[in-house]
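**Q** With the hints as constraints, model all of the structure from the sequences given.
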Amino acid sequence: MNSLNHEAPMWEDAFGISWLDFNLSNVLMMFVASLIVFILGVAATRNMQRYPTGFQNFMEWLIDFIKGIIGSNMDWRTGRLFLPLGLTLFAYIFVANMLGVVTNGVVGHTLWWKSPTADPGITLTLATLVVVLSHYYGVKLRGGREYAKGFVRPLPFLLPFKIIEEFSNTLTLGLRLYGNIYAGEILLSLLVGLAATGVGGFIGATVPMIAWMGFSTFIGFIQAFIFVMLTMVYLSHKVSEDH
Amino acid sequence: MQGFTESLVLGAGGLNIGDMIIQLVFFLGLLALLGKFAWGPLMNMMKEREDYVANEINTAEKSREEAQRMQREASEELKATRQDAQNIIEDARKTAGQQERDILESARAEADRIKESARQEIEQEKEKAVQALKDQVASMSVMIASKVIEKELSQKDQEALINQYIDEAGEER
Chain L
1 MNSLNHEAPM
11 WEDAFGISWL
21 DFNLSNVLMM
31 FVASLIVFIL
41 GVAATRNMQR
51 YPTGFQNFME
61 WLIDFIKGII
71 GSNMDWRTGR
81 LFLPLGLTLF
91 AYIFVANMLG
101 VVTNGVVGHT
111 LWWKSPTADP
121 GITLTLATLV
131 VVLSHYYGVK
141 LRGGREYAKG
151 FVRPLPFLLP
161 FKIIEEFSNT
171 LTLGLRLYGN
181 IYAGEILLSL
191 LVGLAATGVG
201 GFIGATVPMI
211 AWMGFSTFIG
221 FIQAFIFVML
231 TMVYLSHKVS
241 EDH
Chain V
244 MQGFTESLVL
254 GAGGLNIGDM
264 IIQLVFFLGL
274 LALLGKFAWG
284 PLMNMMKERE
294 DYVANEINTA
304 EKSREEAQRM
314 QREASEELKA
324 TRQDAQNIIE
334 DARKTAGQQE
344 RDILESARAE
354 ADRIKESARQ
364 EIEQEKEKAV
374 QALKDQVASM
384 SVMIASKVIE
394 KELSQKDQEA
404 LINQYIDEAG
414 EER
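Heads up: the sequence lines are chains L and V, in that order. First residue of the first sequence: 1, per my numbering; consecutive thereafter. First residue of the second sequence: 244, per my numbering; consecutive thereafter.
Among the hints, erroneous ones may be present.
Unchecked claim - In silico BS3-like links for lysine-lysine, alpha-carbon gap of 25 Å or less:
#1 V:K322 to V:K337
#2 L:K140 to V:K358
#3 V:K290 to V:K305
#4 L:K67 to V:K371
#5 V:K279 to L:K67
#6 V:K371 to V:K358
Said to hold, decoys possible - So, partial list: chain L residues that the calculated Cβ filter (under 10 Å) puts toward chain V:
#7 I17
#8 L20
#9 V27
#10 V37
#11 R50
#12 P52
Rather than coming from a laboratory, the hints here were simulated on the basis of the structure. Treat the numbers as computed from the prediction; the structure is a model and nothing was measured. Where a beta carbon is used, it is the ideal one built from N, C-alpha and C, also for glycine.
**A** This is the structure in structure tokens:
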């Protein structure tokens with residue numbers, strides 16, 4: 001239970017505003033994740049060649065991967081618009097997930113280093129952003145009338161359910177990611193706690209820990225994939241002509 | 244214990260508005276920066292490569308068609324040339340035959356003409372000779388007549404004279 005007793009480095013009532021709280025560890029990790037993604041992205045696209053080598057190959061594979069996700073949900077003419085969003089979401093969430101798998105850093109009793117995606121506020125922010133974007137593009141690409149009609153299709157009495165769906169979509173999209181990553185981190189912390197109890201504990205914890213880290217890596221990838229996949233599903237619901 | 248439950252439910256700190264704002268700002272910033280510095284150039288490069296490949300395929304297709312067209316043209320040209328050569332030989336043969344016939348014809352005509360003129364000359368000569376003979380006979384007759392008239396001759400003398408003249412005439416000749 002060690003990790004659960006760790007405190008978050010909170011900065012409450014920032015600037016004297018009562019509702020404005022910062023979890024500084026989240027802020028740090030968001031910054032680190034963004035920085036890593038940015039550096040990787042830029043590093044991969046320096047010295048680009050027509051015949052790709054090494055890192056550029058990997059990034060092009062990534063683009064094709066995201067293209068595939070988009071292509072399975074909507075036609076490519078409109079889907080092209082969302083490729084940068086999908087790529088950035090995928091890269092950011094994957095890197096954020098991995099940050100917590102590799103290590104959890106504790107300074108004193110304060111938990112500084114973890115996955116930023118192990119915080120519901122952050123995942124819900126991303127989910128809200130996605131849903132808001134889907135509404136924005138729904139209006140932009142199909143016009144206000146078609147967008148509004150989407151709520152009463154195929155039958156008018158579905159309207160309340162459709163409205164509820166928008167909120168439940170947001171919640172499930174955010175909380176699914178949070179839950180998976182947070183659960184992974186709890187188990188990792190428990191195993192670390194076990195390892196810290198003594199020689200026997202260390203030996204006992206090593207094998208499950210390695211296994212769980214591997215599994216968390218897998219989950220981190222899968223969750224990033226699912227998040228992008230569902231993002232494109234929601235977008236295509238709003239953007240495509242026939243749904 | 245309440246803190247423990249809370250942390251199980253909503254993570255270490257619950258929902259922090261500040262985190263949310265920061266996350267939003269970071270993510271949108273990341274989206275913009277990556278779009279400008281990474282995805283943009285990368286996608287441009289991929290698009291460029293696609294265009295390049297499509298272009299190359301087009302060019303290859305075009306030059307293949309061009310080559311085929313040229314080959315077809317060349318073979319047509321060759322055929323036409325062969326035909327021309329055939330025609331020329333045929334013409335030459337025809338012309339040669341014509342000339343041969345012409346030459347023969349003209350030679351034959353020439354020969355006929357020469358023959359004809361020779362015959363005419365012979366005819367003329369003959370007529371000239373007959374004419375000359377006639378003239379001589381006439382003058383001789385006149386001479387004989389005059390001789391007969393000059394001399395009153397007996398039958399016997401006359402005969403002798405005639406014979407003499409005939410002899411003379413024969414000698415003269």
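**Q** Evaluate each hint against the coordinates.
**A** Results for each hint:
{"no.": "1", "hint": "V:K322 to V:K337", "result": "holds, 22 Å"}
{"no.": "2", "hint": "L:K140 to V:K358", "result": "violated, 117 Å"}
{"no.": "3", "hint": "V:K290 to V:K305", "result": "holds, 22 Å"}
{"no.": "4", "hint": "L:K67 to V:K371", "result": "violated, 128 Å"}
{"no.": "5", "hint": "V:K279 to L:K67", "result": "holds, 19 Å"}
{"no.": "6", "hint": "V:K371 to V:K358", "result": "holds, 20 Å"}
{"no.": "7", "hint": "I17", "result": "holds, 9 Å"}
{"no.": "8", "hint": "L20", "result": "holds, 5 Å"}
{"no.": "9", "hint": "V27", "result": "holds, 5 Å"}
{"no.": "10", "hint": "V37", "result": "holds, 6 Å"}
{"no.": "11", "hint": "R50", "result": "holds, 5 Å"}
{"no.": "12", "hint": "P52", "result": "holds, 8 Å"}
Checked against the numbered hints above, the structure breaks hints 2, 4 and satisfies the rest.
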